[in-house]
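Asker: Join these two chains into a complex; the hints should help.
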Amino acid sequence: SQKIEQNSEALNIQEGKTATLTCNYTNYSPAYLQWYRQDPGRGPVFLLLIRENEKEKRKERLKVTFDTTLKQSLFHITASQPADSATYLCALGSNDMRFGAGTRLTVKP
Amino acid sequence: EAGVVQSPRYKIIEKKQPVAFWCNPISGHNTLYWYLQNLGQGPELLIRYENEEAVDDSQLPKDRFSAERLKGVDSTLKIQPAELGDSAVYLCASSLYSGQSSYNEQFFGPGTRLTVL
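Keeping their order, the protein sequence lines are chains A and B. Our numbering applies: residue 1 is where the first sequence begins, and numbers increase by one. Our numbering applies: residue 1001 is where the second sequence begins, and numbers increase by one.
Looking at chain B on its own, in the form it has when it is part of the complex (with noise of 0.2 Å):
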């Protein structure tokens, strides 16, 4: 079975310019999870969906970043437009969702490591 896909994996960029990052989750996966990861750091959640609902996105900055999980399989991340800071690592999580009070586990893909210039 195919983990989590990402694409691209590497990116470099100017500042100021858009910049796209791309999400296929496990199959039947409802849950998808978008992380920022800085170097020696944890990742951060920055959105998490249910099916096509963002249900938490109080971690993204909204002024530049952006997602999209259309018909709740794949999801498109967004910045625009990139500044220096953006450089990380991006990953992207999924998991199958089964309530609130139970533990749900998440499975990563390789990451998208942005380079903003």
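Same shape as in the complex, but just chain A (with noise of 0.2 Å):
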């Protein structure tokens, strides 16, 4: 079965680090990859999107890695800030769009 894995529950930081998060997958060959952002009470929002034949995407300090045969995405946000603080998660396809669990990030001043 289709399986989305996100590396860890919880990243805690420091200001001005860079947060990686990772985003595995198995028994799929999505044609989009994105990452949302989604605060406490709200809904998630959308950050960035991949497509299958791309394999780095960058918007300001937000950086996408999509490798297709390690079926694995990376996410950096650079210079964190604690505005960043929230709860991340990568989802594949489009229409029928699969979310991973999240990763819970903290950046601490």
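Read the hints as simulated data drawn from the structure, not as lab findings. Don't take each hint at face value.
[Claimed, not checked] Residues on chain B that point at chain A, a partial pick, calculated with CB under 8 Å:
| hint | residue |
| --- | --- |
| 1 | Pro1043 |
| 2 | Leu1045 |
| 3 | Ala1088 |
| 4 | Leu1091 |
| 5 | Glu1105 |
| 6 | Phe1108 |
| 7 | Gly1111 |
[What the hints assert, rightly or not] Beyond 12 Å from chain A on every Cβ pair, some chain B residues (computed):
| hint | residue |
| --- | --- |
| 8 | Val1004 |
| 9 | Lys1011 |
| 10 | Ile1013 |
| 11 | Glu1014 |
| 12 | Ala1020 |
| 13 | Thr1031 |
| 14 | Asp1056 |
| 15 | Glu1068 |
| 16 | Lys1071 |
| 17 | Gly1072 |
| 18 | Ile1079 |
| 19 | Gln1080 |
| 20 | Glu1083 |
| 21 | Gly1109 |
We put the beta carbon where it would ideally sit given N, CA and C, even for glycine.
Answerer: Structure follows, in structure tokens:
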């Protein structure tokens, strides 16, 4: 069966450092992979999309990589800030999107 | 522009009672999704509508869950009767469908938190 695993439930880092979150998947060949941010009591908010034929995507302090051979995506937040503290979800597919369980990131001042 | 609107935001009911959630998507979005999100988990798709047609309801527990989108705009998700295990956040999302082979960004509402006692 299809499985999406995000590397850890929680990640704590110091302000200014780079946060790296991992998303691994099995039994799936998605055309699209997305990363969402979710704050407590809110719905997920779209951050970045990467297609299966793309290796890397950047948006401001965010960078996503997509390795379809390893079946893995890495999500980086550089120069992290306390305001980046949230849960980050990876999602595969488009209309039939499947989400990972998320990683809760805490950036400490 | 208003985002996806959901109501109520919170609902507490006793088991075996019925409950209904309402969603108004972003204006012009023809595709509407209902998701269930358990604590500490990602959202799981329950049903997807394209206009008023349910095109994917394979994960909807049809013995107690039902949904409708009569005029292809707003939608209602109902549970009858509710069970303790139904306690979760129910999220609605919408997108502008541009084809099966295209990516269609989904915009989520704030969700309805259901507690079944």
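Asker: Please list, smallest to largest, the hint numbers that this structure does not respect.
Answerer: 3, 8, 13, 14 and 21
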